[in-house]
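> Sequence:
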Amino acid sequence: MSLVSEEFPDVVPYKAEEITIPADVTPERVPTHIVDYSEAEQTDEQLYQEISKANVICIVYSVNNKKSIEKVSWHKCCREVPLILVGNKSDLVEHSSMETILPIMNKYTEIETCVECSAKNLKNISEMFYYAQKAVLHPTGPLYCPDEKEMKAACVRALTRIFKVSDLDNDGILNDNELNFFQRTCFNTPLPPQALEDVKNVVRKNTTDGVCEDGLTLKGFLFLHTLFIQRGRHETTWAVLRRFGYDDDLELHQDYLFPPLKIPPDCSTELNHNASLFLQSVFDKHDKDRDCALSPEELKDLFDVFPYMPWGPDVNNTVCTNDHGWITYQGFLSQWTLTTYLDVQRCLEYLGYLGYSIIAEQESQAAAITVTREKRLDLQKKQTQRSVFLCKVFGGPGSGKSGFLQAFLGHNLMHQRMVKEEHKSYYSTSTAHVYGQEKYLLLHEVFPDFDFLSESDLSCDVVCLIYDVSNPCSFEYCAQIFKEYLVDSKVPCMLVAAKADLPEVRQQFSPSPLDFCRTHRLPPPQSFTCSTAGTPSKDIFIKLATMATYPHARLRCMCTCNRCTFCLCQNILNSELLHTVKAKLYTAISSRHMSQVDLKNSSVWLRVSLGAAVFAVLGFTMYRLLLKPR
Numbered sequence: 001m002s003l004v005s006e007e008f009p010d011v012v013p014y015k016a017e018e019i020t021i022p023a024d025v026t027p028e029r030v031p032t033h034i035v036d037y038s039e040a041e042q043t044d045e046q047l048y049q050e051i052s053k054a055n056v057i058c059i060v061y062s063v064n065n066k067k068s069i070e071k072v073s074w075h076k077c078c079r080e081v082p083l084i085l086v087g088n089k090s091d092l093v094e095h096s097s098m099e100t101i102l103p104i105m106n107k108y109t110e111i112e113t114c115v116e117c118s119a120k121n122l123k124n125i126s127e128m129f130y131y132a133q134k135a136v137l138h139p140t141g142p143l144y145c146p147d148e149k150e151m152k153a154a155c156v157r158a159l160t161r162i163f164k165v166s167d168l169d170n171d172g173i174l175n176d177n178e179l180n181f182f183q184r185t186c187f188n189t190p191l192p193p194q195a196l197e198d199v200k201n202v203v204r205k206n207t208t209d210g211v212c213e214d215g216l217t218l219k220g221f222l223f224l225h226t227l228f229i230q231r232g233r234h235e236t237t238w239a240v241l242r243r244f245g246y247d248d249d250l251e252l253h254q255d256y257l258f259p260p261l262k263i264p265p266d267c268s269t270e271l272n273h274n275a276s277l278f279l280q281s282v283f284d285k286h287d288k289d290r291d292c293a294l295s296p297e298e299l300k301d302l303f304d305v306f307p308y309m310p311w312g313p314d315v316n317n318t319v320c321t322n323d324h325g326w327i328t329y330q331g332f333l334s335q336w337t338l339t340t341y342l343d344v345q346r347c348l349e350y351l352g353y354l355g356y357s358i359i360a361e362q363e364s365q366a367a368a369i370t371v372t373r374e375k376r377l378d379l380q381k382k383q384t385q386r387s388v389f390l391c392k393v394f395g396g397p398g399s400g401k402s403g404f405l406q407a408f409l410g411h412n413l414m415h416q417r418m419v420k421e422e423h424k425s426y427y428s429t430s431t432a433h434v435y436g437q438e439k440y441l442l443l444h445e446v447f448p449d450f451d452f453l454s455e456s457d458l459s460c461d462v463v464c465l466i467y468d469v470s471n472p473c474s475f476e477y478c479a480q481i482f483k484e485y486l487v488d489s490k491v492p493c494m495l496v497a498a499k500a501d502l503p504e505v506r507q508q509f510s511p512s513p514l515d516f517c518r519t520h521r522l523p524p525p526q527s528f529t530c531s532t533a534g535t536p537s538k539d540i541f542i543k544l545a546t547m548a549t550y551p552h553a554r555l556r557c558m559c560t561c562n563r564c565t566f567c568l569c570q571n572i573l574n575s576e577l578l579h580t581v582k583a584k585l586y587t588a589i590s591s592r593h594m595s596q597v598d599l600k601n602s603s604v605w606l607r608v609s610l611g612a613a614v615f616a617v618l619g620f621t622m623y624r625l626l627l628k629p630r
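The UniProt record's numbering numbers the first residue of the sequence shown as 1 and each following residue consecutively.
Honestly, the hints are just simulated from the structure, not real lab data. Careful: at least some of the hints might be erroneous.
[To be verified] Calculated lysine-lysine pairs in the DSSO-like style (CA-CA distance at most 27 angstroms, straight line):
| # | residue 1 | residue 2 |
| --- | --- | --- |
| 1 | K66 | K152 |
| 2 | K382 | K439 |
| 3 | K149 | K123 |
| 4 | K285 | K262 |
| 5 | K71 | K123 |
| 6 | K152 | K200 |
| 7 | K262 | K300 |
| 8 | K71 | K120 |
| 9 | K89 | K107 |
| 10 | K219 | K381 |
| 11 | K152 | K107 |
| 12 | K205 | K262 |
| 13 | K219 | K200 |
| 14 | K262 | K120 |
| 15 | K538 | K490 |
| 16 | K149 | K15 |
| 17 | K219 | K285 |
| 18 | K120 | K66 |
| 19 | K164 | K152 |
| 20 | K164 | K262 |
| 21 | K200 | K149 |
| 22 | K483 | K420 |
| 23 | K107 | K66 |
| 24 | K262 | K439 |
| 25 | K205 | K152 |
| 26 | K53 | K15 |
| 27 | K164 | K15 |
| 28 | K538 | K439 |
| 29 | K538 | K382 |
| 30 | K149 | K164 |
| 31 | K89 | K66 |
| 32 | K381 | K420 |
| 33 | K375 | K300 |
| 34 | K67 | K123 |
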């Protein structure tokens, strides 16, 4: 009552009415509901009901009444919420009751603090409710163990992750730039140089190795937060924890890990350019020996900010690796691309652990994701902005599907035989260049169960049907899959004649693979083998990526012989020489003639238009003449 009226009432009722303090008059900017309890007017059942609804409980005793202090006790339900001990009537005594209260505070860790006040003199009344709010919003219990006089394990674990995320160069030290970035991130203001030095001096005086090379080590960082908590400034530590996504239980909040991301049907998800740059910085940060690959120790260090190891041993057979079997930079991005495409929620979670929204200064990890437009619109407009495409690989047992997937990563048959069965992967991901543009192609080996193919098994951008040329029964499975599920589909299909290094036998299924392709207007069967001394050819994967990128176009030529008319034309059209000549020609024409054109003289524009038309007709005629020999 004194808080609201700012004066001591002449008549004090047994129980005050419920009071609501609006958010705009409190330091923490939160509304506060104050509920009084009187033993004289209320039952124990009512007390328990109020306790169950409370976020914080203030237990009031009289400082001038020793029996009142001795009777300070509470029901076990009270131990589930923070407690504030309030010594009232301090105006009636000259001494403090803190010496008597201290043993009680040491016994019960749920007690946040003790405040002596006077309702009559209005002493510490507003402070009492401030501490009550603070106990709810910034509790000490989850952070600090007063008996051990050190931070709890969960708090140390959370702050260690925050330190590692903030250590942008991964040298184990927060230098001045990193400290200022951390300060701006958490408190929206940099530290003045002198204040920065004062902080480091405090750490130097109290720890042996808290400061190294004029920067803050992990030990110094943890000491600093221990000091904040011990001095009653635990709101500082809570501000840091919450900025990095932690909830009141010191677990990363679900809203932080999984921000809302709307994905319409028939759309896919990809990493955008900013996300790729962030992942590049993460890779470079942990590639300590600068060999453009992550060793097992470097990969473990990278995922140290995760609560678990997200990648298993199969990842080394899913993406590109170096000669030691270590994931390369290209392989690192490929794995992230695969996760983003197949399970974008998992990707958001992983980016959250790495602190993407903090380091990239974005609202959430959702800013790292590009949601592509619907595939049907791409087909209608006959163009796409997508850069990631999924290829489902079908084939009977022993047809060579696994070898085909591994060949995409540059692994020949000899390398594949050394892979343990438990380390095999049903995916392989890498890049392929389609007319000079880099595209990610995700190959997925589908389990050969003809009778139980689901809609998800058939949802892709291109289908690859593989059969073994040395097995007379192998092609039949591919033919049945196509006729049953793909004959009326708009998804482009390619037939691959695997194990081409072995003698080819006649397939028992009729018609033959070549006639089957002609009947169904498919490209002719593509020969393939991974039984090579070196790296298997990637030409076939470029064709698959091209078919996925341009599903509306039927490729007239499926070879890379560099001798046929189609190949020669494609090579010329995509050559750097032609692009250079076009650019120089355009520059020359622009500089010599366009500056002299009189915009009011229509005859000039007529001549320019006629010349362009003649040039187009000549080019088209030349192209048709080149095609005649075929």
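> Indicate, hint by hint, whether the structure satisfies it.
These are the hints, each one checked on the structure:
| no. | hint | verdict |
| --- | --- | --- |
| 1 | K66 <-> K152 | violated (35 angstroms) |
| 2 | K382 <-> K439 | holds (17 angstroms) |
| 3 | K149 <-> K123 | violated (31 angstroms) |
| 4 | K285 <-> K262 | violated (32 angstroms) |
| 5 | K71 <-> K123 | holds (24 angstroms) |
| 6 | K152 <-> K200 | holds (23 angstroms) |
| 7 | K262 <-> K300 | violated (32 angstroms) |
| 8 | K71 <-> K120 | holds (23 angstroms) |
| 9 | K89 <-> K107 | holds (24 angstroms) |
| 10 | K219 <-> K381 | violated (58 angstroms) |
| 11 | K152 <-> K107 | holds (18 angstroms) |
| 12 | K205 <-> K262 | violated (52 angstroms) |
| 13 | K219 <-> K200 | holds (12 angstroms) |
| 14 | K262 <-> K120 | violated (58 angstroms) |
| 15 | K538 <-> K490 | holds (25 angstroms) |
| 16 | K149 <-> K15 | violated (39 angstroms) |
| 17 | K219 <-> K285 | holds (21 angstroms) |
| 18 | K120 <-> K66 | holds (20 angstroms) |
| 19 | K164 <-> K152 | holds (19 angstroms) |
| 20 | K164 <-> K262 | violated (31 angstroms) |
| 21 | K200 <-> K149 | holds (22 angstroms) |
| 22 | K483 <-> K420 | violated (35 angstroms) |
| 23 | K107 <-> K66 | holds (19 angstroms) |
| 24 | K262 <-> K439 | holds (24 angstroms) |
| 25 | K205 <-> K152 | holds (23 angstroms) |
| 26 | K53 <-> K15 | holds (18 angstroms) |
| 27 | K164 <-> K15 | violated (52 angstroms) |
| 28 | K538 <-> K439 | holds (14 angstroms) |
| 29 | K538 <-> K382 | holds (26 angstroms) |
| 30 | K149 <-> K164 | holds (24 angstroms) |
| 31 | K89 <-> K66 | holds (13 angstroms) |
| 32 | K381 <-> K420 | violated (45 angstroms) |
| 33 | K375 <-> K300 | violated (38 angstroms) |
| 34 | K67 <-> K123 | holds (23 angstroms) |
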